[in-house]
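Undergrad: Sequence:
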Amino acid sequence: MSLKLGVIGTGAIGQDHIRRCSQTLLNSQVVAVTDINLTQAAKVVADLKLTAEVYPDGHALISAPDVEAILVTSWGPSHEEFVLAAITAGKPVFCEKPLAVTAEGCRKIVEAEVAHGKRLVQVGFMRPYDEGYRALKAVIDSGQIGEPLMLHCAHRNPSVGENYKTDMAITDTLIHELDVLRWLLADDYVSVQVVFPRKTSKALAHLRDPQIVLLETARGTRIDVEVFVNCQYGYDIQCEVVGETGIAKLPEPSQVQLRSGAKLSNAILMDWKDRFIAAYDVELQAFIDGVRAGQVGGPSAWDGFAAAVAADACVEAQQSGQIVKVELPERPRFYG
19 MSLKLGVIGT GAIGQDHIRR CSQTLLNSQV VAVTDINLTQ AAKVVADLKL
69 TAEVYPDGHA LISAPDVEAI LVTSWGPSHE EFVLAAITAG KPVFCEKPLA
119 VTAEGCRKIV EAEVAHGKRL VQVGFMRPYD EGYRALKAVI DSGQIGEPLM
169 LHCAHRNPSV GENYKTDMAI TDTLIHELDV LRWLLADDYV SVQVVFPRKT
219 SKALAHLRDP QIVLLETARG TRIDVEVFVN CQYGYDIQCE VVGETGIAKL
269 PEPSQVQLRS GAKLSNAILM DWKDRFIAAY DVELQAFIDG VRAGQVGGPS
319 AWDGFAAAVA ADACVEAQQS GQIVKVELPE RPRFYG
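Quick note on numbering: this note's numbering labels position 177 of the sequence shown as 195, and the sequence is numbered without any gaps.
Simulated pairs of lysine-lysine, BS3-like, Cα-Cα distance not exceeding 25 Å:
(1) K22 x K67
(2) K109 x K22
(3) K115 x K155
(4) K183 x K291
(5) K220 x K291
(6) K155 x K291
(7) K136 x K109
(8) K343 x K183
(9) K136 x K126
(10) K183 x K220
(11) K126 x K109
(12) K155 x K267
(13) K291 x K115
(14) K267 x K291
(15) K291 x K67
(16) K136 x K22
(17) K115 x K126
(18) K22 x K115
(19) K343 x K126
(20) K183 x K217
(21) K183 x K115
Derived from the structure by calculation, the hints contain no laboratory data.
Quick caveat: nothing in here was measured; it's all calculated off a predicted structure.
Work out the full structure, taking the sequences as your base and the hints as a guide.
TA: See below:
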């Protein structure tokens, strides 16, 4: 039997997930949708030729008897409300990042899930499902390069729009590294610092870009992440792990190498959706399979909370120029 899904939010990522769950993945069926713009929600249902009901709001969708699990892909500030409602209803919920827009909101979700007594929440951090990151983690976990001493990382976008602010380099961009690097190292952050190199002339007046985020983990691993969101040349994700006896590097996406016009070249992707398209398929299939098997896995509400706590510290470090402690409470035994 297919898992019957309800989707809250039919913007770009919501539409993509609806298409994915309806046309690409196994054992899932979208039976309910809603959006703040109900006309748009109805259009998505019609365009994708779905047999799905359009509900007036997220709470009506969550309480619908035929909805077995929920995808929250709405505006970020609404996530906390809908995830908490899904937990109250006892229904599994996949929530795109952010889990909540504040660490306090994430903490409330953690407490609600622990009180429920069973994992219901999977957070939409897709990078742990990326083939390259999984291969990199396998090398680290094997001990082949010894203990990780340093990580050199970069998150580069060709450009960003006028609404992109300096703190969004943390909350919208670095947030993916904050999650995936914890997962790679199985370690937590204890301090952060943010430094600003010379500003690129390609950035708008209100935006400080690029910036370098320096992280220290509990085991002493040092991490530097270059966040450069107006690099112009492409969407480029880099991660190099320096171990005691060797170095492991995140593989580049597979591209055809071209010899043409007196040049030897490899294409560079321009869009994050192309870079991680396969990871989105894998993460949502894992959610579907986990719910059908009675056990939600993947990035947890605790992981969402930990990323939010680290992000808050990074934003404070942006503003103060100081080294800021990351104060994460002890992880509940509930999360293993």
